[in-house]
Amino acid sequence: MQNEKDTVERILDGDLNSFKILIKQHEKLVIGMIKRIIKDQNDVEDLCQEVFVKVFKNLNSFKFHSKLSTWIGQIAFTTALNHVKKVSGKSHATVDIEAFENYNQTSDNPESLLIQKSTSAFIQGEVSKLPIPYRTILTLYHLQELSYTEIGEITGLPDGTVKSYLFRARKLLKDKLAKHLKAL
Amino acid sequence: MKNKDDEVIQQLIEAQLKGAQPKDDLQENLEDIGLYELLFRELSIETDVADNLDIADKIIRYISRKQYQLESIKYAFVIFVVIAFFFLITSLSIMFVDPGFIATIVNIATIHIRIIFLIVVILTIIKALDKVLIKKEQSVSTQ
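Respectively, the protein sequence lines represent chains A and V. Be aware that the first sequence starts at 421, since it is given in my numbering, and climbs by one per residue. Be aware that the second sequence starts at 48, since it is given in my numbering, and climbs by one per residue.
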């Protein structure tokens with residue numbers, strides 16, 4: 421935490437080199453989240469830049485009530501959701517609940533199963549079809565190795581909901597994986 | 048019951064990944080355990096990593112550019128305020144103090160035009176040197 425405080429103080433004093441280091445430390449988290457949330461991958465770079473510019477502009481308001489990575493993750497999550505809302509014209513919650521209900525009922529056609537022979541490709545494909553909160557939580561838990569509390573701070577969800585979404589998402593994927601492997 | 052088993056299996060695998068000893072409680076769920084283990088492995092693999100996105104330099108350049116624009120605006124604003132203040136004082140002096148004041152100012156300007164020209168040139172040189180030497184040094188140190 422002291423290291424973070426020193427870095428933030430140097431950036432607020434105008435040290436852009438320290439800010440560049442901060443970007444390098446957190447770009448994987450930001451890029452990973454944004455790639456998971458938005459559909460059009462051409463917008464990833466622009467959105468990542470937007471996130472870090474927001475981080476720079478609002479750094480003086482960061483009071484160390486959480487980890488710096490959690491705060492940056494929050495900004496990335498909100499920015500990505502706003503982008504999705506702007507592009508789709510709907511709130512992500514509405515879109516995602518409908519998609520989630522259809523997702524559970526839709527069966528894959530045999531052709532697409534044959535095409536997606538690679539288990540890795542299949543799983544990644546299925547993850548991208550999950551509702552935004554589910555795939556965000558999966559990314560933050562498995563790739564970024566964040567705790568339930570940290571994930572809850574980033575997504576604005578209670579710890580219990582994070583845990584519940586995580587278990588449900590994995591169960592859905594497991595069921596899909598079982599069908600996929602049986603069809604091969 | 049099935050949901051409960053799935054939850055238990057996931058918790059067991061999570062615990063194992065954190066270093067706990069594997070348990071043999073769910074022998075009848077070996078297929079599900081295998082599927083979850085495969086899933087956990089795949090979920091923790093990064094597929095497209097951010098190798099090709101070199102955003103740090105772009106962001107720093109963008110911020111530097113914005114800071115420079117802001118400083119230029121502030122500098123222009125200060126010059127404007129100084130000139131406006133000068134004209135305001137002159138106008139007020141003409142209206143309320145001495146109508147012949149403007150003639151005095153014009154005389155001073157005519158007499159000391161070389162000094163005024165020199166001051167303007169020096170300020171311009173300082174500004175240019177600041178841009179070339181100091182800001183260039185700052186942009187080199189951030190690379």
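Note that these hints are calculated values from the structure, not bench results. Glycine is no exception: its CB is placed at the ideal position from the N, C-alpha and C atoms. Heads up, a few of these hints could be off.
Said to hold, decoys possible - Reference listing, derived: stretches of chain A covered by chain V, where coverage requires no fewer than 3 residues with Cβ under 8 angstroms from a Cβ of chain V:
hint	segment
1	441–450
2	469–478
3	494–501
4	555–564
5	573–584
Said to hold, decoys possible - Estimated spans, in silico, between C-beta atoms of each pair:
hint	chain 1	residue 1	chain 2	residue 2	range
6	V	I141	A	H485	54 to 64 angstroms
7	A	D463	V	I141	58 to 68 angstroms
8	V	G66	A	F484	29 to 39 angstroms
9	A	Q544	V	E61	39 to 49 angstroms
10	A	S548	V	Q114	54 to 64 angstroms
11	V	Q63	A	D435	42 to 52 angstroms
12	A	K506	V	L85	33 to 43 angstroms
13	V	K178	A	N437	46 to 56 angstroms
14	V	E118	A	Q544	39 to 49 angstroms
15	V	E61	A	G576	22 to 32 angstroms
16	A	S567	V	V128	25 to 35 angstroms
Tested hints:
With a cut-off of 8 angstroms between beta carbons, the segment 441–450 of chain A has 4 residues touching chain V; three or more are needed, and the interface restraint holds. Restraint check on the segment 469–478 of chain A versus chain V: 4 residues with Cβ-Cβ distances below 8 angstroms, three needed, restraint holds. Figure legend: the segment 494–501 of chain A, annotated as covered by chain V; annotation inconsistent (0 residues with Cβ-Cβ distances under 8 angstroms, at least 3 required). Counting residues of the segment 555–564 of chain A whose CB lies closer than 8 angstroms to any CB of chain V gives 3, so the stated coverage by that chain holds, three being the minimum.
Remark: the segment 573–584 of chain A is not confirmed as covered by chain V, as 0 of its residues place a Cβ nearer than 8 angstroms to a Cβ of that chain, below the required three. Evaluation of the 54 to 64 angstroms hint for I141/V and H485/A yields a pass: the beta carbon distance comes to about 59 angstroms. Look at D463/A against I141/V: about 60 angstroms separates their beta carbons, and that is inside 58 to 68 angstroms. For the pair G66/V and F484/A, the beta carbons lie near 30 angstroms from each other, so the given range of 29 to 39 angstroms is met.
As the Cβ distance of Q544/A to E61/V is approximately 21 angstroms, the hint placing it in 39 to 49 angstroms is violated. S548/A and Q114/V have their C-beta atoms about 38 angstroms apart, which leaves the hinted 54 to 64 angstroms range violated. Take Q63/V and D435/A: their Cβ atoms lie about 44 angstroms apart, and the range 42 to 52 angstroms holds. Distance hint check: the CB atoms of K506/A and L85/V are about 37 angstroms apart, consistent with the given range 33 to 43 angstroms.
In this structure the supplied range 46 to 56 angstroms is violated for K178/V paired with N437/A, their Cβ-Cβ distance being about 20 angstroms. The hinted window of 39 to 49 angstroms between E118/V and Q544/A holds, with their beta carbons roughly 46 angstroms apart. Checked against the hint of 22 to 32 angstroms, the pair E61/V and G576/A passes, with Cβ atoms roughly 23 angstroms apart. A C-beta distance of roughly 53 angstroms is found between S567/A and V128/V, which places it outside the suggested range of 25 to 35 angstroms.
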